[in-house]
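The opening position of the sequence shown corresponds to residue 258 in the numbering used here, with each subsequent residue numbered one higher.
No false leads were mixed into what you were given.
Capping the alpha-carbon separation at 25 Å, the derived lysine-lysine pairs in BS3-like fashion look like this: (1) LYS709 - LYS632; (2) LYS321 - LYS289; (3) LYS433 - LYS497; (4) LYS262 - LYS317; (5) LYS717 - LYS532; (6) LYS304 - LYS317; (7) LYS608 - LYS532; (8) LYS693 - LYS717; (9) LYS526 - LYS704; (10) LYS709 - LYS637.
Derived from the structure by calculation, the hints contain no laboratory data.
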Amino acid sequence: MKDGKLFQLLRTLPIAERQQFRDFLHSPFHNKREDCQRLWAALEGVKEGQLPEKERLFQKSYPKSPYNDQRFRLLQSAVLGLLESFLVLREFGQNELQQELLLIREYRKRGLAKHLSGARRRAEKLLEGLKTADALRVRHEIALEAFQLEAQENRIANLSYQPLLDQWDEYYLAMKLRQACSAKTYESVASTSYDYGLLEALFERVDWERYLAIPAISLYYHGYMMLVRPEEEAHFVSLKQSLLLHGESFPLTERRDLFILAANYCTRKYNEGRKDYARELNEIFKVGLTAGAFLMQFSRFTFRNIVITALVVGDFEWAERFMEDYQAYLPQRHRESTVSSSRALLEYQRKNYGQALKLLQKSEYGDRVLNLSAKALLIKIYYETGEYDLLDAHLAAMRTFIRRQKNPSYHEINYRQLVDFAQRLLELNPYDPDAKARLREEVETTKTVAEKEWLLWMLKEVA
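Generate the whole structure from the sequences, applying the supplied hints.
And the structure:
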């Protein structure tokens, strides 16, 4: 059997959902075909990595019939369609607000004003506290349905379009700014540019003071301005304040994007030399973790960045608690190596060099950049502990490792510069102040070098 759409979707279903779909198939309202029930019964117990023969599955579905490939393909399509319907209904069943909205629409069609009014009150109750652009859309749709029902009942004289127009403006501005933030962020990594249509005209004509009281607009307004006018730091301050006040009112995916937007701004400022933004970034990470924003698709890179930021600002105890509390969110295959290498960074900062070396030995890296980061930490440990022979051998091995990489990345170029400067630091005559000054100046003026601050500090320390 080929790994087709049905089987690919099946693999994503946990046991509970497989059992729920079985019940769905046995409900006459949703399905009356016994062959679909039999095929699912054969598929339901399939384990990870297994791919059963299609002839065997056909025999389970049609015990008295010879194999017919066309018939089996049609059966798979039928079960796939039912499974898709199940997933849609399951998602819909978890969205009370969407249910009320559709009920309001149905009551409007049937001309049931009292019923619509009751459903509207329930929907508005669910909307309380929601600050998202989607909430603005739903409020508009509810108001529109009520408006249309009143129009059906010929109460035109008492109607006003103004609230509907205002609500639609709010929704449009929120969504336009949200998409603009996403596009601007993508531009920075994809070396491309987009036409933002009416956005520039909106910035010129809209009375923004009126709309900035709406979190779904203000957050993305300040986020967009951070991206296009990064020198105007007041936008970051406003975004951060709004995140602290309203962040948890947004769905998790949207919340994550907003916190990442703030974190990226802090990182950019820090890399430009604004070291005070390390504390801002540390706070963004802490608040975002509490809000669950960074836990969606929690990667080893995010984990390490959080640890490194805490170490930069000297928040050692919090970094240790973070590693203990959040390591369970890491993918199993990367957990041990990520935590070990992160703990090694902490022990290095505490000058527990022996413990740091032991932790690095426990780490295995499938990523070249993380591998180079660990090798860079070894450079620092060997130099600071006076293990100069080990350092010399390590630099030679690291130089060979980088040279073997085809199409070296930006990060690999940075680490190659580190190796070159570390070699020169190792060979530097500590009693030659002119040579020391020349090397220090060269490090300072080189833009692409990893561990630049460490190199400068070591050159300051050289007697």
